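Q: Here is how the chains run, residue by residue.
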Amino acid sequence: MPSIVFYFKIHQPERLKHYTVFDIGQDPNYFDDERNKFYLDRIVSKCYIPTLNLIKDLIKETNGRFKVNFGATGILFDQLKKWHPEVISLFKQLSQTNSVEFIGETYYHSLSCLMSERDFKEQVILHKNLIKKLFNQEPQVFSNTELIYFDQIADYIKDLGFKAILTEGVDRILEWRSPNFIYNDPKEKIKILLRNYKLSDDMSFRFSAKWWSEWPLTADKFASWLEAYNGNGEVINLFMDFETFGEHQWPETGIFDFLKNLPFEVLKRKDLEFSLASEVICKYPSRGIFSSFSPVTWADTERDLTAWLGNEMQKECLELLFSIEKQIPFYLKETWRKLQTADHFYYMCTKWFADGDVHKYFNPYDNPYEAYLNFRNIIEDLKLRIKPNVKIYIRN
Amino acid sequence: MDLNGVNNFKIVDYLQNLKKNGFQIILFVGRLTLQKGPDYLIRAIPLVKSKLPKTKFVFVGAGDMFPQLVSLAYQLKVSEDVIFTSFLREENLFGVYRSCDLLVVPSVADPFGLVPLEGLNNDLPIIISKTTGVGYYLNHILKFDFWDIKEMANKIISILKYERMKKTYLLNSQKEAREKFCWSKTADQLISIYKKCLQ
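Going down the list, the sequences are from chains C and H. Read in order, the letters of the first sequence correspond to residues 0 to 395 in numbering that gives the first Met the number 0. Read in order, the letters of the second sequence correspond to residues 0 to 198 in numbering that gives the first Met the number 0.
Read the hints as simulated data drawn from the structure, not as lab findings. Keep in mind that a hint or two might mislead.
Below, a list of computed lysine-lysine pairs in the DSSO-like style, where the Cα atoms sit at most 27 Å apart [to be verified]:
id, chain 1, residue 1, chain 2, residue 2
1, H, K50, C, K386
2, C, K80, C, K16
3, C, K382, H, K174
4, H, K50, C, K314
5, H, K76, C, K382
6, C, K382, H, K53
7, C, K386, H, K53
8, H, K165, C, K314
9, H, K174, C, K314
10, C, K382, H, K129
11, C, K350, H, K48
12, C, K386, H, K184
13, C, K325, H, K160
This one's a predicted model, so the numbers in the text were calculated from it and none came from an experiment.
Chain H with its partners taken away, still in its complex shape:
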């Protein structure tokens, strides 16, 4: 898939180049399916662009909604602002994470969702829909209703605009995520459950 003439393997260079030219980049990572709500993010693009014209939106992932999303972007006249990369393997994906300014997770329904934690792990501030499961465990995260396009856009713009808050927000979200989702801690908990069962 190479919608905007961007070769997958050079995507990181391309994004870095955009940043050098003063663009801010908003990222979506996930299957392009109804469940993940990519269409809601596309609907928010005109609103974001109305306040922050120098923004681009990267969609990493593949799925059956792809043709519909292309069509929607065209209808909303934002095709030039949207980059579809299709599925990316880890090395490229983490490079993309590190080249962006904000990760948006607009899931309609997601029992947990690892993408937000990946984002935080790659030093990317995140905002998530209230129906993204991981939000249940994290307090230091801004949330929105997936259907509330205006509020999603409000939060995207605000985070990109207010630099001092962005730093505090990222640091606190990362700290909380690392405290709550640490494999060694989870393994310890599991071991203690086993031990209880054996007693």
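Looking at chain C on its own, in the form it has when it is part of the complex:
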């Protein structure tokens, strides 16, 4: 009986305001609250509220048999707390159903695992504490920023008490093997749940694609594809952005009807069930080793870091940011960590840009160079602020 593990990544960055060379040493406020609120208002009304309400109803109507896992970042919760506390209330109601599990994340959706083990661990603990405080849950399973995984991450998160990690079912690592089983890291410290990218992308990307031979995708058809894995898989991991519902796929595409019908189509097939991530890692043994020395992610067809660290500008900014780690005083730590958010580096990506096919989704910049200049000016300012003898600002 294959278990279906739904995991929704929920995150919004704190975008930076337009910051020029003339602001360096003058303006200690880096974040564009107005724009961030604007985007959050939109995503809350188009996606979070309707989808969370729908999930709540589905859990109730299936007597708790419909189960989902949420990976919500701390930086998102901070913004929700400020502008949309009603969404946190909804998450709280869901957390009390026993059909919802919160997955561990880095608090700031950070790339720190690549640069600083210490800061990475601190952020994961911060997030763990937040989930405990908000929902009285202790995450057992971890999902890194953008599902980044390399073997060393297993050591890091084992130290922090996690039992499993989510990452991408990368073909070049799996080779002939299936993502629909549980794997271990090489030292067999933690279990690894691998995203079935084909089925996940059928829902999150191809759902409304009229060029797709399977369009329109119905819940019945999708459930039959899941059922076909019976006897040939133990877990089917459907990992996607939560914004799939209502934002990447607009309501007009029928995505909400699809989600509304899917649990019933799945549960009427006696060989399928929905599971929480912590349930499947107890239920199924590991069937092999999943090992990668270099980082893998869930991004693009390359499944690597090139969306965030593919060019010199991105590398320079990340290196500069972490070069000042030891000098960052306590009162600037939150600001420094907010700058680690992967989205800032994503905006500087040039690999799609030649065709004008810039990843424009909620991107505040006209091009990657604007993103770089803004970020770079802010780092220059931050470097000034940590100089012990420079008293240019009042602490904010």
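Chain H: place on chain C using the hints.
A: For chain H alone, kept in the frame of chain C given last:
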């Protein structure tokens, strides 16, 4: 025209000498007319100088705005930082391109504008106004509103200041320009149009 005592034919040597002395050089190429917006670049000079004192601004071209530009530079107290070369023929012009650090195209209205492509072809990073037509076709180019002096200055300073970005930026802009504006490709397209018409 020899405003700063610079002989046209020795302009490249003069610019090279400035560079040896640690100056960074910003270039304008075009007619000195309202349409090309040279006055907006002059207005940005004090802002640029406030952050990068060792900069000079070269204006290549002639036009009816020349007296006005001289006067404006004087009013803004930047006369010493501005070099007017008048019109230059290819050999000297390309030498100037290669002696500068950044090309600024602040056109108020330009249906296309070949100058940005000339700049890129001579290994010079460029920034252009949003109303410069070529910008419609190029994504790897930083753009500004011609009237936004502060933003123009911000971009000039940033590119000159952040060396690693400058290299990536130039390489990507050149690559895109060469892919999109290649005579053999354009000729092929034209031939295919003729062929379609004949069918």
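Q: Evaluate each hint against the coordinates.
A: Taking the hints in turn, this is what the structure says about them:
no.	hint	verdict
1	K50(H) - K386(C)	20 Å, holds
2	K80(C) - K16(C)	21 Å, holds
3	K382(C) - K174(H)	34 Å, violated
4	K50(H) - K314(C)	25 Å, holds
5	K76(H) - K382(C)	32 Å, violated
6	K382(C) - K53(H)	23 Å, holds
7	K386(C) - K53(H)	25 Å, holds
8	K165(H) - K314(C)	14 Å, holds
9	K174(H) - K314(C)	21 Å, holds
10	K382(C) - K129(H)	32 Å, violated
11	K350(C) - K48(H)	34 Å, violated
12	K386(C) - K184(H)	54 Å, violated
13	K325(C) - K160(H)	25 Å, holds
Of the hints listed earlier, those the structure fails to meet are numbers 3, 5, 10, 11, 12, in rising order.
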